[in-house]
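These are the residues of each chain, in order.
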Amino acid sequence: MMTRDIVVAGERLTLHAQRAAYWVARRTLLVSDVHFGKGAVFRRAGIAVPSGDTDDDLARLDALIAEFSPERLVVLGDLVHGAATERSAWVERVRAWRRSHAGVDVSLIAGNHDRHFDVRSLGIEVVPDRVDVAPFVLSHHPHPQAAGYTLAGHVHPGVVVRDGWRKHRLPAFVFDRDVGMLPAFGTLTGLYEVAAAPGREIIAVTPAGLVMVGEHRR
Amino acid sequence: MAWFAAQERRPAAFQRAAWRAWAEGRNGLIHAPTGTGKTLAAAGGPLIDAALRPQMGLQLIWITPLRSLATDTAQHLTAAVEAMGLPWRVLRRTGDSGSAERAKLRRGACELLVTTPESLALLLSYPDARERFAHLRGIVVDEWHELIGNKRGTLLQLGLARLHRWLPGLRTWGLSATLGNLDEALHALAGDGVLIGGSSRKKTHIDTALPEGGERFPWAGHLGLSQLPRVLDAVLAAKTSLVFANTRSQAELWHEALASVWPRPPETLALHHGSIDPKLRLATEEGLRLGTLRCVVATSSLDLGVDFSSVEQVLQVGSPKSIARLLQRAGRSGHQPGMPSRILCVPTHLLELAEIAAARRALAEDHLEPRRPMRGCLDVLAQHLLTMALGGGFTADDAYEEITSSLAYAQLPRERFDAVLAYLRTGGTALASYPEYQKLVETDGRFHVDSGRIARMHRLSIGTITSDGSLQVRYMKGARLGTVEESFLSRLRPGDRFLFAGRNLELVRIRDMTAYVRAAPNRRGGVPRWMGGKLPLSGELSDELRRTLAEGAPHSAEMRTLGPLLAIQRGRSAVPAVDETLCERTRTREGDYLFVFPFAGRLAHEGLAAVLAYRLARIHPGDYGYAVNDYGLTITAAHMPSLDAGSMRQLLHPAHLRTDILASVNLTELARRQFREIARVAGLVFNGYPAAGKTLRQLQVSSGLLFDVLRRHDPTHPLLWQAEREVLDQQLDYTRLRACLLRVARSRLLWREPKRLSPLAFPLWVERLRGGIATDDWKSRVERMRATLEADADA
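Protein chains in written order, with the numbering used here: chain H, 1 to 218; chain S, 219 to 1013.
Note that these hints are calculated values from the structure, not bench results.
There's no promise every hint is true.
To be verified - Between beta-carbon pairs, the in silico distance windows are: (1) R593/S - R95/H: 16 to 24 Å; (2) T14/H - I837/S: 38 to 46 Å; (3) M2/H - S478/S: 33 to 41 Å; (4) S121/H - P933/S: 33 to 41 Å; (5) R671/S - E125/H: 31 to 39 Å; (6) A195/H - S478/S: 32 to 40 Å; (7) R95/H - H838/S: 33 to 41 Å; (8) T732/S - V131/H: 34 to 42 Å.
Unchecked claim - A few chain S positions that, by computed beta-carbon distances, are all more than 10 Å from chain H: (9) E402; (10) P447; (11) P588; (12) R807; (13) P972.
All values reported here derive from a predicted model rather than from experimental measurement.
Using N, Cα and C, we set each Cβ at its ideal position, and we do this for glycine too.
Next up, chain S with everything else stripped away, as it sits in the complex:
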């Protein structure tokens, strides 16, 4: 190929294999590390094909998950197209494309389109969609691993099903990082295609910033700022470093701490996270590309994206919580061929040392996490059906057949499909008497939309990424800084200060969904917290962690450092073996505490804590609060019933788990929170026209309110069903919870009653209580509130 001749490189075996498969008309998934020529492996097939059989009109769609990647990818592909001497026009179409680019696209003036899943869905919503894609030969999905596990991936699967229906010969290819379930990833994207692996993985070195002998290192905590001197030394020793934190708040605080001791020009240190304004983020990325930055503190917002060759070193503050994420972050460094990736882990408390040791072992054995595709999301289905209705219309039978051809909806029962269709036609059973509010209209069995306003509102709402409840933050002078959740800002009063985007800010006023701020000389106030901050420890890492702790052998520096702590744990209680489950009970001045350590991740523990509290309340009525972390859970009460290994075994029994969890978790409350996103995706609430300002104010309705009304008047509404299911599957990780209880049931139960809190129990004891079970109704609650509140008021 001319391209390789120009680059003086020879195509690798996996690239040739991909090109051959494309020429044979097959679909496939290519997995290889970044920087090994994945892009060319996927682009080569269609480019060679185009050189052999030239044709005009849209030939190839390239899907990328990030808008910021689109520019870079488009440049890269343009270079390849030009090297091949093809007369192809390459166009980029994302949410930030200008009207000129959009108009070009409407005229069909390109052969290669680089776009996002959302923009593809938007293209499918125009009446001439089918003609526009008439010459399409193939579609390539870049970074499929970033999409497969979420609703964006579901939306894309539906879009692909649409295209395949129109173009049976269309070739679908994906590019992915290594996953624990590559076969499933292939199947979800490309059916029975071929799986093509790249060259063997680059070596990854995991180092740990170890506390020095005699240094007091905390048993709990998540910030890890005591490690600041070690982090600063490491950062100053390398040319450019990325410092990854797990949450945006943690990134803000680490950036602030580093800035306070930063010995170099301040502009060489930057902060990057998903709530910071895209322009500022872009400036930071540009700084990395040019090598002008020495250090960037980032969250997962920099996990993927273009490669920065200047990055010499990656640091990870706190446990990475997943092996795949550790690998991905490590891969952001050492882009020179033959250089290994290096990552320096900075534990925030002692027990994280064991997680780091476990991650290294898992990596050595190639145990990576799978990313499971989501199934049967009714909100995404509702959105897509409206898209189909706009993009040419459909009949119910055809649409059902098309949708169930995707993996995401392969098992969707027809009744559920019909319920979603009914919702789109009438709003659900409660609205059946309002013909004027139909979104879909049926004529001779075909569904379409005949209201221009519904069409406009839908096109503005396409996508599954919600930024609900966020306010813009900008200076009085006008420059935008990013977005912060309303729940944080609504607690502030004008004049209050907070830290955001690496700056000390003072709130001036909130108007029209915008918080106006000015620079403040210092910080007195807090740091915003964003929802969904903490990720649970992955199943693979949890399993490895249990093995690592149980062996306890000094096979690594981390475990040697952890030795004294494990000795205390053993002295006060026990360190569980792999086939053991540890339960502890300790009485403190604050109350009676029960601890259980299943090591199943915080989500599963949250569901288990609710079930345990519920089962305890059945034995002994009372008010039980609980807290969880990734290792276990604690339940606290003023008085706990008497317990032993036998009764614990019964309390942890997997029988009736589903019934008990439905009865115990405040499912309604959790579902109400989950409903926010669902209502937005399914078009039940509308975020407003981009520049409409106040005129739509009276339409703003809280999704919580809608949820309550729907529950009362239309309890079988498909979107309520979706909300409850997402709570069980995602918020409570039901599958993992059940697997965990089955394992506990087979394991030996260790019952200990330490006089003092054990090192494993201590972090749970300092956690904030997350919820609880009270065997009471509103009447007794009111009695109790009266007793406490009114006594306070009288005092």
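Chain H extracted, bound-state conformation:
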């Protein structure tokens, strides 16, 4: 079961184990915290990270677009990890990828990392802070908003799931009363463990599908 439908603020969202969410009614694919070029930032600092992270992430986006045929793709911030030049290899790949999906409207809600690089040069529209698409507010930072239910990124939420004598540390979708958080999409991203809380819904992402962790007890 790679996908799971849930209802948030009265709207049906299809959560996908490739760490994306699809808003069915608006034909909108949502991802967050892609961190393109993170590997390159390390390599520039003399820290050896293998290349290939960008290609992986783009291939996963291709697969999601093929699966849902969305009208638009909205990135909830941190599409890019750090400063880059036009010559950076990943910039060229992302630009080519963007051209191959000319029919999809791609936009970015600017996150804290996105100030380092102007993605408009890649053919991606940039929204500075948040965008209201009732009943949701799409934003990078997971702050509650009066205008609607916030769907956000930034946190890289994860959860530790006990399985008999084992523990698995997994990325997760987290839905609170006023705010929902997507897991980080990028391959080269870390996790921030979120704790269970009353009224908090947690859906863990495993290589074999999604698992509802629920309001698990400590």
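Mind docking chain S on chain H? Use the hints.
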């Protein structure tokens, strides 16, 4: 010698032998107990030589494993130099040296340099290294036994190979405590040098704090606080005592317990362990030197270091786990000549009595543990090659020849060397297309570094001691208390309390890798646990323990006290003889338990438990969890297949051990943890500039993440290979595991099915499960998690 004339002492025979060997231009290793004049034995040769043939410039390097020892050693050597009337300048260069000392050294303004292996490596990384060492006559490595078994020793061997290449006549000498493999220790440091033994060993008395008749004493446990009244009595009866604990958490808790009943001024009781801030530790050491402290609770952080003549008595809480450590700790007391060393062992549970009795027997027969030098560590090699590239550059053939001249790399295949070189040039195959990220540059066959930034980052990263994942702990007002692992602090919220550095603290906030705390009136919270706490029972002590238990004869007070427990063991199950292996199976309400007692130490048992669980799952698919201790292991399952002596013999068979262990242990997970240190040592991750604060935040990458990416894109990367090898060799003690299974295969197998847990089984039963084998994939795991988690959520 004038020095001895001044001291009104005559040189001992071993000192004269060492001086003669030095004069003959030989290398060597001197082993003698502390306080018998080892330092002078090694220093005498070069000092006499210098008096006969005076010369200026750096003449002698003295390597010491501890920064804190450097000051003391430098003072001691200065006294000797002055007594000889030599015009030598003595300088100390360690990680904490000030810029003035560093500048002096750069100008070459000293003849005798006292330094650490890391600082020596740093000196080798400067382009003028060769000229700086041009007049060097010799190098002395103090406390070689502390370095030989770890990567610091490997790094030092590489540094020595470098110096020998430049100065073929250089003399190398080492000082060591007694080891089980002195010949190997000599060989690793000084090739075919001479082994010089000091005067015969000081007598060591081992006493035990025995539980009194009728007193209930636990069958399991590791804290031993029920012994507090006996420990307090012993401490109050002596002028100054050292109380050794085996882990930092245990030391914190014992310090807290002693403080709560301490009848003397509170400032006369102190705590000392490796995570406490160096300044506080230094204050404690000063208190010991001056005799103002009555009792210090310590961990191995006080195993070595300067001698404290005020220490009258040493206590050891819990089993020392190794004979050599017991001897070393006992040696911290009784420094007056002719006085025997005394140590009072404080068992934390009944079975430790047998370990103490076994340790005494082993000591009487001089069975000490060897410390094996590490071989072929690729992370250290990567670091050293970068050092060589900075310190004048190298060609691949020359470097290979030089490196394989050290014992640590004597068997390094050329392909592996080339793979490390390739990693330094390109980052590995996955990065071959990124010319701008090369650390090494090759010009006309010579490798060098031409980026100032790579050079700076490398010099800041030199060394093999990692303090990865630790946060500074300091008061709001600014005073530092030490470091605690991030994994512990990240679970705390502001306002939570914990015990650290002997103080009750309340967390205020965590910012910039620092945990700010304030004093708390009491403790509600926990004690930090530091990684790598528990050491396994040594092989020599395990062997002696099996003999001691098997004989069971009341030849010591410990074994007499243990008698009733062994009688219960015999009644419910059996006490194995030396050529027997005991297996038990007991069903409890929680499930079905299989116990095996090979007495091979917890590391080997962990690997064996994984193999056994894996083999059981092949017979009968299911979910098997396991737990281990130093005596044996237990495997538990909801339903165990039917077993008997015959099937156990097959399950414990040594055939296909390597294949099975690779298939059973979650090698990837273990290697990922091991990779942390390797990535740091090899320069794959960089801990940051000392005062850079936040600017490098976006560069912080978890080594676990790197490990995953490397495994996917560059599975033949030399550092991944190193991680897997360290897991097998160190974490799972593969050599010992294999030897253990060969012994089990030759032994008689005792199969027992006690109705109630036997005394040997009980401590295993209360251990936390450490891991297990499940014959499933992610799909079935998800099914199972769904079944349990989602049922919970719906309920």
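Broken hints, numbered, in rising order?
-> 1, 3, 7
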